[in-house]
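Peer 1: Sequence:
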Amino acid sequence: MSPIKIPAPYAPFLFYQIWEIPIVTATLLYGFDIGIVISVINTLVLLVAFPGALPTGPIYNFIAILSMIIGIYLTVKFFVARFDGQQETITTIVSTTMGILMRVVAMTIVNWVFLPFPPPVGFSMPKEAITPLIPLIAFFNATFALYTIPAGYFLARAVRTRVNFSYEE
0 MSPIKIPAPY
10 APFLFYQIWE
20 IPIVTATLLY
30 GFDIGIVISV
40 INTLVLLVAF
50 PGALPTGPIY
60 NFIAILSMII
70 GIYLTVKFFV
80 ARFDGQQETI
90 TTIVSTTMGI
100 LMRVVAMTIV
110 NWVFLPFPPP
120 VGFSMPKEAI
130 TPLIPLIAFF
140 NATFALYTIP
150 AGYFLARAVR
160 TRVNFSYEE
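Under numbering that gives the first Met the number 0, the residue at position 83 of the sequence shown is numbered 82, and the numbers go up by one with no gaps.
None of these hints come from the bench; they were simulated from the model. For glycine and all other residues, C-beta sits at the position ideal for the given N, C-alpha and C. Heads up, some of the hints might be wrong.
[To be verified] Restraint ranges, calculated between C-beta atoms of paired labels, are given here:
no.	residue 1	residue 2	range
1	I108	V47	25 to 33 Å
2	I3	Y29	23 to 31 Å
3	V112	N163	40 to 48 Å
4	F14	V47	39 to 47 Å
5	R161	P117	35 to 43 Å
6	R161	F49	27 to 35 Å
7	R156	K76	15 to 23 Å
8	N163	Q86	22 to 30 Å
9	P50	Q86	15 to 23 Å
From just these sequences and the hints, can you work out the full model?
Peer 2: See below:
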């Protein structure tokens with residue numbers, strides 16, 4: 000939804016963008032449920048206004064976002080509780096790692112299963128054509144989450160320091 004679109008140099012059909020950062024920020028500020036609601040709204044807007052090359056592409060994106068925020072949620076729920084939230088840098092690193100892992104695994108499965116289907120679900124790609132793309136798509140998803148999650152943490156921290164927030168998961 001952001002006009003900033005940078006094609007991945009190794010896979011120009013994939014674009015780095017910044018519009019998932021506010022979704023991560025809202026998830027960190029208001030909780031997992033709000034993150035899901037915002038992700039659903041984002042998906043509906045994309046389906047109507049910006050579906051992309053594949054009409055179901057926004058659904059792929061929803062799965063990518065959801066898997067990433069599940070990784071963040073699991074970290075916040077289990078890791079932060081053990082350390083009383085005092086280890087902000089470690090929490091950000093672990094959340095980023097979990098978000099990357101969840102997103103890469105989920106999207107590898109989604110792409111492997113659905114890209115062979117004809118449009119609007121996939122691109123009618125034979126498995127032989129998908130196999131060499133999977134590492135590129137996985138790298139894209141990893142690097143996308145690698146800047147999105149820390150940026151979301153940075154913005155959430157900036158908002159918390161300027162606004163009286165008392166949200167607890």
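Peer 1: Okay, which hints does this one fail, numbers in order?
Peer 2: 4, 5 and 9
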